[in-house]
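Novice: Between the sequences and the hints, there should be enough to build the whole structure, so can you do that?
For the record, the sequence lines run as chains A and B. Each residue of the first sequence is one higher than the one before, starting from 1 at the first, in this note's numbering. Each residue of the second sequence is one higher than the one before, starting from 1 at the first, in this note's numbering.
Mixed in with the good hints, there may be bad ones.
Stated by the list, open to error - Here are the simulated SDA-like pairs of lysine to any residue, each with C-alpha atoms no more than 20 Å apart in a straight line:
#1 A/LYS21 - B/HIS334
#2 A/LYS140 - B/ASP197
#3 A/LYS163 - B/ARG249
#4 B/LYS329 - B/ASP197
#5 B/LYS329 - A/ALA26
To be clear, the hints were calculated from the coordinates, so they are not data collected in a lab.
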Amino acid sequence: MTTIDNGVNVQALLDAREVLKGAPEAAQFTWRASSRWQNGVHSTTTIQNFFGLGQEQSHKRETVFTADHPEVFAAEDNGITPIEYLLVGLASCLTAGVASVAQNRGIQLRSVESTVEGDHDIRGILGADSDVRNGFNDIKVTFTIDADASQEDIEALVAQSQKRSAVFDALTNPTNVTVEVA
Amino acid sequence: MLERGEVANSWRHERWDSLRLLTPNWQSRLPGHRYDGPDPDGYMTMGEVIEFIEHFAAVSRSPVRTGTNVTSVRRTDDGYRVTTSHGEIGCRAVAIASGACNQPTVPQFTDAVPASVVQLTPFDYNGPAQLPDGAVLVVGASATGVQLAAELKASGRPVTLSVGEHVRLPRTYRGRDVLWWMDAAGVWDQRHDEVDDLTRARRLPSPQLIGSPERSTLDLNALAAMGVELVGRWAAVRDGRALFSGGLRNVFSLADLKMRRLLDTFDDWARAHGCEAEVDPPERFSSTHVPESARWQIDLRSGEIRAIVWATGFRPDYRWLDVPVVDAKGRLRHEGGVVDSPGLYALGLPVLRRRKSTFIYGVEDDAREVIDHLAGYLAARR
Numbered sequence: 001m002t003t004i005d006n007g008v009n010v011q012a013l014l015d016a017r018e019v020l021k022g023a024p025e026a027a028q029f030t031w032r033a034s035s036r037w038q039n040g041v042h043s044t045t046t047i048q049n050f051f052g053l054g055q056e057q058s059h060k061r062e063t064v065f066t067a068d069h070p071e072v073f074a075a076e077d078n079g080i081t082p083i084e085y086l087l088v089g090l091a092s093c094l095t096a097g098v099a100s101v102a103q104n105r106g107i108q109l110r111s112v113e114s115t116v117e118g119d120h121d122i123r124g125i126l127g128a129d130s131d132v133r134n135g136f137n138d139i140k141v142t143f144t145i146d147a148d149a150s151q152e153d154i155e156a157l158v159a160q161s162q163k164r165s166a167v168f169d170a171l172t173n174p175t176n177v178t179v180e181v182a
Numbered sequence: 001m002l003e004r005g006e007v008a009n010s011w012r013h014e015r016w017d018s019l020r021l022l023t024p025n026w027q028s029r030l031p032g033h034r035y036d037g038p039d040p041d042g043y044m045t046m047g048e049v050i051e052f053i054e055h056f057a058a059v060s061r062s063p064v065r066t067g068t069n070v071t072s073v074r075r076t077d078d079g080y081r082v083t084t085s086h087g088e089i090g091c092r093a094v095a096i097a098s099g100a101c102n103q104p105t106v107p108q109f110t111d112a113v114p115a116s117v118v119q120l121t122p123f124d125y126n127g128p129a130q131l132p133d134g135a136v137l138v139v140g141a142s143a144t145g146v147q148l149a150a151e152l153k154a155s156g157r158p159v160t161l162s163v164g165e166h167v168r169l170p171r172t173y174r175g176r177d178v179l180w181w182m183d184a185a186g187v188w189d190q191r192h193d194e195v196d197d198l199t200r201a202r203r204l205p206s207p208q209l210i211g212s213p214e215r216s217t218l219d220l221n222a223l224a225a226m227g228v229e230l231v232g233r234w235a236a237v238r239d240g241r242a243l244f245s246g247g248l249r250n251v252f253s254l255a256d257l258k259m260r261r262l263l264d265t266f267d268d269w270a271r272a273h274g275c276e277a278e279v280d281p282p283e284r285f286s287s288t289h290v291p292e293s294a295r296w297q298i299d300l301r302s303g304e305i306r307a308i309v310w311a312t313g314f315r316p317d318y319r320w321l322d323v324p325v326v327d328a329k330g331r332l333r334h335e336g337g338v339v340d341s342p343g344l345y346a347l348g349l350p351v352l353r354r355r356k357s358t359f360i361y362g363v364e365d366d367a368r369e370v371i372d373h374l375a376g377y378l379a380a381r382r
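Specialist: Encoded structure:
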């Protein structure tokens, strides 16, 4: 049997699953981002630290995300729009899931590509029609996967990836959000 | 043998009127006692199940003490002290056969449902006449949910069905009952120590099946064709609105893929065992049709939904068991029915020893092995 390698350390994940079964408190993570207004609708958000496994943790380096609106919104377009960041999150989460599930199922991946489209009626955010919601109406993800597996096995990979995806869950199910002024 | 009510009590009092067994009559068998009527492929009504079990109790001369409710089981130095509504019993060993479906489970947010909406569990539900006229929201698409959704829709009520992860099965495949295939291909005999993920196997929801004289399939496509509206898993109530998951398409995909894999194993089995000629040609069923746009919220204060039926599963009730063998999730800690306390045993729980453990005919093999262990335990301490 040839060893397949998608670069995912599945054993570490399976071990973590066993350990955390008996230690739910260590499984509590808090992800954090800090944002600063620049000018207009342009802002920068930095991410470096988070909490998990019972202590403060840190990414290897700080990442800065720039958000703005495009010129058709009469803005300077210094970066992508905030709602586009949701597409980034969804695509990267599902892709990570595909790789992990494939590794766990012994499927060698050669390429995994996806396109994500979010349909958005901007009359909602403009207040032009109170019946239109602010967020996406529909999101469509299309995967193109080249792997040593049948079409059915590939479909199963993508289905399982959605089943275990944090961002898919966060987008498809309601979440309590508290926004306060410090 | 202690029975809180009458023989076949839960079949008498905890089932809705129209329910029939999901297993065909020929599969309804107990040691030395089997269905011998004219319709081996049919499904017993509740009245017939009660009669079947009563008859078995009589012919097997089971020493049943009816009307004897167990209120406590405690460990003693040499066994157990069982407190019942008719006094105490001391014994060296106890076999728990009280089942896995003693109480309906409902989500926590039932409290947030407006009081104007009637709420029922399958234990409260007998038939459509009990519900107010108007639309019903059935929550859960396992065997109970799909059956009640179909029955309520047939009664003339608009029905919305909230669908989470589910197990899709055709009633018949290649001309045989799907449970014939499960039995023949050895799926039901798969042992607890052979199953990949035992925790998941034990939590598997009941398949979307109904026992009807027409032997019809009752999957989500059948319900949609009847006019039942499908919505995603009910995730929360916010400001009096039911909010459903937008992940409906994926629960369809998961169930379609799993069903196809299972049918492949049946085909493989038929080929390998030279049964191709005895059964019809392979069939493939269309994928679950995704609605153009599934609603993801319903305002429960609007008066549209008059009643909610919670078909969200059942759990065992061990409040009477004063032995520390129940885990944080309310499940009995046991290894193939040998409970984590000397002399304590269990039968009739999901995948206790085999996938068929919870079926009427499935308990026999388990019982033999569990009782062997029990007899060995008693002999060693004689």
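Novice: Give a verdict on every hint.
Specialist: Hints, one by one, checked against the model:
1. A/LYS21 - B/HIS334: holds, 18 Å
2. A/LYS140 - B/ASP197: With a Cα-Cα distance of about 32 Å, the restraint between A/LYS140 and B/ASP197 is violated, given a limit of 20 Å.
3. A/LYS163 - B/ARG249: holds, 11 Å
4. B/LYS329 - B/ASP197: Cα-Cα ~17 Å, so holds.
5. B/LYS329 - A/ALA26: Holds, because 19 Å separates the two Cα atoms, which is no more than 20 Å.
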